[in-house]
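Visitor: Below, each chain spelled out in residue letters.
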Amino acid sequence: MTGPVRIGDLIRQRRIIVCCGAGGVGKTTTAAAMSIAGARAGRRVLVLTIDPSRRLAETLGVSRNPKDPVRVPDDRQRAAGIAAPGQLDAWMLDPKLVADSAVRRLTKTPEDAEKIISNRIYQQVSTMVAGMHEYTAMEALHRLVNEGKYDLVVLDTPPSRHALDFLEAPRRLSGLVDSRAISAFLPSADSLVGRAASKVIQAILGAVFGEEFAVEFVSFLSTFTGIFRSLNVDVNEMRTFLSGADVAFLLVSSPAPETLNEAYFFQDKTRELELPFRGFVLNRSRAAMGERPMPPAELKGDVVLASALRKFRAIAEQEQHAVLRDRALLAELGQRAGKDATALALPEFPQGADDIGTLVAVADQLAAG
Amino acid sequence: VFNKRVVLITGKGGVGRSVVTAALAKLAVKAGRRVLVTEIGEEGEDYSPLAKHFGLARLPKAPAPLGENMMGAVLLARTGQELFLKSVLRSGTVARAALASESLRRLLSAGPSFREMGVFFQLLSYLRQKRDAEPEHELILIDMPATGHALALTGLPEQLLRLLPRGPIADSLREGQSYLNDPKLGSAWIVTLPETLPVSECLELIDGLEKTRMPVGGVLVNRLPDDPFTTEERAALTPMVNEQNWLGRQLFHRPLLALREVARLRSNTALPIVTLPELPHAFVVDDLVLELDKARLVPLAPSSRGK
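Top line first, the protein sequences correspond to chains A and B.
By my numbering, the letter at position 214 of the first sequence is numbered 214, and the numbering carries on one by one without gaps.
By my numbering, the letter at position 158 of the second sequence is numbered 158, and the numbering carries on one by one without gaps.
The set of hints was computed from the structure by calculation and includes no laboratory data.
Treat the hints with care, since some could be wrong.
Stated by the list, open to error - Covered by chain B, according to a simulated footprint, are these stretches of chain A (three or more residues, beta-carbon under 8 Å):
| # | stretch |
| --- | --- |
| 1 | 3-11 |
| 2 | 30-39 |
| 3 | 202-209 |
| 4 | 254-263 |
Values in this document were obtained by computation on a predicted structure and should not be read as measured data.
Virtual Cβ for every residue (Gly too), placed ideally from N, Cα, C.
One chain only, chain A, in its complex shape (with noise of 0.2 Å):
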């Protein structure tokens, strides 16, 4: 790589982009402007994010929700400022219809799909199986770049309590398709030993689930994890995919100390796995504001207006220290971030980021950096 890395260049170059981060730091909208900053850069983007808020999906004007990818309206393309060649997609998705389609994706046939998808276990629990947004989020990647209609994929990473999730889902999946571990519950386990610990395992489901469940649910079990055998192979397929150099792990973090940690860890974390980690943003930071000036000491007026620049002169000197304090941090990060990485702040808008003319703002603060 030559030069310092700079979030701008990543949104015009990269065709995949992948944002991190706990919840609650603002995620989905950063990556939403990062979507923007692409497209207003002459780019056909697609932004793709699991479980997006209502108030976001309402500004770029798409449902959430549909099969397949969908355009940003015109008039919300023009207001966000996009002209072609740049062109914005989004794909807003809900859980549940994500196993669904990975459901579809991994079996051979459509009559599979559909014994797997009208099953009465899989309809109550298919999107509480452990991993398997993050799976799907991967796998979704993997096929809409490899179909070529986009220069660039925006990846929100799912709602979870850790950044890290994320990385491990798939794995923590792949465990529980394992076929060892899964034929142990399976009838037909091939050695002795084998057919009798699997027939312990079957009395004590039966203890538990009760008789006439515990048969439906090796049965499904058996069909469920049939299918999602090739996974194993797939993780390991999707890792390299995702280590490619086409690709940019970026974390969004708030400057609060928890989030941060986990930033630093996250970081330590793709390191190990040798992903392209490249960047911290910063988001909700003071050190994104301009510099500004100090209120006077004195303004002519009553004793009423005095009074209230005193006070505000109070109020001015905490922002200023807090300026201060996200600067130094600011500073931290970016040299945590070393010479393939970056860090960027973007700053707090109190009242959510969630309208156009504020995402195209904070898009355009990304494509500077």
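Knowing the structure of chain A, use the given hints to seat chain B on it.
Guide: Coordinates of chain B only, in the frame set by chain A:
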């Protein structure tokens, strides 16, 4: 508020949910209740946001005293699953053998809703515990992690009962429901901030909880900024602040924006809303206890402010 058996404290990350849970627990003890304060933990995870408010690195796996009339424990899916298997199989040996099985362990850690089931069952076992025919834990407070987890837990009984209408799991789920879904015994409180997004998410969460038939006790709006300016002072200064790009402008407008968000919350829900002031040190539980005490956990009149 405290005249219940189980109270869930929920809300998104960063709103101060854990410190509020700790403060509520202390207040409940003051109100004469025997309290068990819990949080939902992850297997093999050392980080506990709640424990630090009691001067601990993490909460114990089984209830242990944190103070007078106050016990603490972490709710772990694995512990609950173990308890459940033991009670169903009526044999510790078989249960242990079952749990030692790699297959079952994997299934339970990743499988559909087994984690919530474990947590649910552990909670139920604490609700059942008796001392001299009285409940051992009069009030159980739970610090619930992300809002999604809260809904997964409160929605669990109904979802699973559709699958498993009979059997030992169904019996436990119904027993749990008899606590959680009875407004006399269970309630959920939502902690939020007086800001646009948190308030919108709070309103969505109220809907979500009500859909799972979880009674919602009310909303605690944390960190309501104090307004140092009088109405006259604001009137005199506002035109200039809007014109000049002075430092301090954000903090100047913040109290009004916050009040507007509280008003929006109030106009969109009939639930009790309690505001808590912004404290200089975010983690001083005892200050928060005083503030909660002052608030008396009754709804404030529409015109009143946090301070």
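Visitor: Evaluate each hint against the coordinates.
Guide: Okay, the hints, checked on the actual structure:
no.	hint	in the structure
1	3-11	violated (count 0)
2	30-39	violated (count 0)
3	202-209	holds (count 4)
4	254-263	holds (count 4)
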